[in-house]
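Asks: Each chain, letter by letter, is given below.
There are 2 protein chains.
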Amino acid sequence: MTSTKPPGGTRDFLPEDVRRREHVVGVIRSVYERYGFEPLETPAFENIETLLGKYGEEGNKLIFKILRRGEHEGTGDVDLALRYDLTVPLARVMAQYRSVLPRFFKRYQIQPVWRADRPARGRFREFYQCDIDAIGSTSPVVEAEILAAVSDVLSTLGFDDFVIRLNHRRLLASLLRASGVPDSLHESALVAIDKRDKIGADGVRAELVTRGISDLAAARCVSVFEGGGGEAAIRAKLLPGDNDGHATLSEILTIMELATAAGAQSMVLDTSLARGLSYYTGAIMEVAVPDLAGSLGGGGRYDNLVGMFLGRDVPACGFSLGMERIIVVMTERGMFPPAVSGVAVDVMIAFMNDDLRADALRLATECRKQRLRVELFPEGGRKLDKALKYAGSRRVPFLAILGEDERAKGEVAIRDLAARHQESVSRAVAPGWMAARVERARTDPGAAGAAPGVQD
Amino acid sequence: MTSTKPPGGTRDFLPEDVRRREHVVGVIRSVYERYGFEPLETPAFENIETLLGKYGEEGNKLIFKILRRGEHEGTGDVDLALRYDLTVPLARVMAQYRSVLPRFFKRYQIQPVWRADRPARGRFREFYQCDIDAIGSTSPVVEAEILAAVSDVLSTLGFDDFVIRLNHRRLLASLLRASGVPDSLHESALVAIDKRDKIGADGVRAELVTRGISDLAAARCVSVFEGGGGEAAIRAKLLPGDNDGHATLSEILTIMELATAAGAQSMVLDTSLARGLSYYTGAIMEVAVPDLAGSLGGGGRYDNLVGMFLGRDVPACGFSLGMERIIVVMTERGMFPPAVSGVAVDVMIAFMNDDLRADALRLATECRKQRLRVELFPEGGRKLDKALKYAGSRRVPFLAILGEDERAKGEVAIRDLAARHQESVSRAVAPGWMAARVERARTDPGAAGAAPGVQD
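These protein sequences, in sequence, are chains Y and A. Count along the first sequence from 1, then add 4; that gives the number in our numbering. Count along the second sequence from 1, then add 4; that gives the number in our numbering.
Excised from the complex, chain Y in its bound form (with noise of 0.2 Å):
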């Protein structure tokens, strides 16, 4: 037989999964529109040209390839990959909608990529990713509203002690020419610079000289890209003559400003941070937590990408924020709402007979109208027991009882089962009333009785 595990490196969501994540994703899609970000979905696979020669060497390897259909799948021959991240799906889009989409295009994307990687413990080949990027303007209060915006995501889902860094692309490289190393080696100096956390500052050094960097260099640079932040420090570091640093300071300064202006929170300048992906040509930015090695997301400046397909520069700014890693920080700290992980449904009905089965679906008919989630124990015919136990399994408030007697008498016997008790109430007025004690259960949960969504 077949295994029945998901492929490696894909996750089934049962349930209470999907509740999860739709929690995070209706709060990001909520906060994102409040920032003037518009909802825009790419299909799940591209034509591969799209997608060849965007992500480097390593990339390339990493897609995802779809055999062509019919007669060509004996060759081998592919014409369409998986998406491998959003912003080149964007910059097509840019270039295929220009004069339809607004100029200054804010847009937010989350959906799925797939990347075709080794799975391990936390690497997946199919996550998702929440994506907000601004087009067409260089203005810094592009940065700004993005950071304040990833800031208000990551404070509104419960988050108090994410850290924010920034960086400036020029900036790292006035830095690198202040410490001796040559334009040509910039590139593989941020590859060892990048380590420090997992090496430490000798770590550095070493890997530095073997990249064929300059003791004195190396070591100039360790010290460049040690320490606080503080304006005075960095300026004191950079090349007397160096007008582009200076400005570029400034400029990421600005940014900060303005950002914290604009509600942003914890916001750190570190001339360290690097960030791997070449296309980015100004501001850098990642945020983190302490208890989660790598980041919760990261975004930048690149106003080259999208003429990559547009055949004319449009800047462009942006951040991707990675679900799974919020997922697992929330689930570790128990930062999700009670009703997220809470019941399901509200009531559960059962009928005692065959004959009951009409009233038993008229009442969930009811039931339902007064916006309550109502599921039928679809088995009749004295199984009470069985009832009660599948409801007590499914931790349903409230079971509704339709039985002979109950019909006779009008009456419907309603058990509360985490209070273990049971009543009987008119069948008129009984949706009404356990709509009422789900509600108050639901505002007041600390109230009596079944509260649903927090009975554990």
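Keep in mind the hints are simulated off the structure, nothing from the lab. Keep in mind that this is a model prediction, so the values were computed, not measured. Among the clues, some could well be false.
No distinction is drawn between identical chains; accordingly, a pair holds when it is met within one copy or between any pair of copies.
Derived EDC-like pairs (lysine to aspartate or glutamate); straight-line CA-CA distance at most 16 Å [to be verified]:
(1) K9 x D164
(2) K9 x E53
(3) K373 x E37
(4) K373 x D358
(5) K413 x E235
(6) K9 x D83
(7) K65 x E53
(8) K199 x D358
(9) K387 x D164
(10) K9 x D358
Following the hints, position chain A against chain Y.
Replies: For chain A alone, coordinates are given in the frame of chain Y:
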């Protein structure tokens, strides 16, 4: 330069498209949750052996196949395939998580599927299915609740002219037997009978004969599957000793009676409804509207499919709604509420010079705390005419303008773009002032002044 169109048979969803889809998904989700269905999501691809052989010969050809990663790429070796429907992944999930899922598992799943069909008008290679399935019970209340839930979704979306056609696999068999069609030709005969709408009664009769059915049986077939579905008329058509046929007819009538009690609308028994998929074992159903060729969705009972993965049969019944068809009809009929196709931004903020940027961002933050959706016109510096024009093109109801004069007076100039009216408002109360006006326009679109979402 690479083409910037999405791949053939796929679509980019620009903001208004996404909002339409989100509206439909939101209704489907909330209705299905009231019926006790819980969300499930599965990966975009499955191991290829999970899908092969499940959809017939034609289906096999339409499965998108993904190249095995790494060194195997050259050989055309495939190990994964894109999701083709939501039912086979559900059957796999049932087998994998049987012990942790509720005994009566009711799930909804709204995800895209992919088929390597030749793209054509209205035929996509990527499209969304919205499925509900109830696993674990043979009770007819299951069918009744599924029919009521689908009916409720369509009514809530605003459809008032849909018709749900119902039939039963075994009733089809009984009527074919009564017509004199040998059991071995039942499947083949149904293909012909299913074409009645397209080729007429004479066409069906001719095709039945070419499929090896006698002239007499073909003629009987046409008359047996013709005409109204009244109980007496159908009973008269059954063979006298066909107890199973009579019992099946009673069963489907019971389902309709129970579904009516559960609130399902506009059901008709249509003995000619066949539905292609061979895995149905009991009731089959289909829903359509007059102005759309084909159906909006369909489903039925399939008691053997889960067994292909689990090793033992588990009863199941489900219904799949096609999102694209629902959206096509709703768009053509103008059924989307105004807010869905309306403006995405409540307030735009413009600043007259760079010194006012931080003020503008603070104002934006305060407006967002009032739950307004705010966009900053990013380019300051006396470009008020540009900001005005842009706000107009974005159909933003209010433009808040921050200039030096306003700052000196502690005011904000607020322009109502629909009313072409501008007034100065105290800076301190401006966010609340705008929030109140936006809220008023939202709840009373007939009121004077800008009405977000109802301007066109």
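Asks: A separate judgement is required for each hint: does it hold in the structure or not?
Replies: We went through each hint and held it up to the structure:
1. K9 x D164: Close neither inside one copy (37 Å) nor across copies (42 Å); limit 16 Å.
2. K9 x E53: between (32 Å within a copy, 12 Å between copies)
3. K373 x E37: This pair counts as between: shortest inter-copy Cα distance 12 Å, intra-copy 30 Å.
4. K373 x D358: neither (24 Å within a copy, 54 Å between copies)
5. K413 x E235: neither (81 Å within a copy, 34 Å between copies)
6. K9 x D83: This pair counts as between: shortest inter-copy Cα distance 14 Å, intra-copy 28 Å.
7. K65 x E53: For K65 and E53, the Cα distance is within 16 Å only inside one copy (14 Å; across copies 24 Å).
8. K199 x D358: For K199 and D358, the Cα distance exceeds 16 Å both inside one copy (69 Å) and across copies (38 Å).
9. K387 x D164: Neither: 50 Å inside a chain and 39 Å across chains, both beyond 16 Å.
10. K9 x D358: neither (38 Å within a copy, 57 Å between copies)
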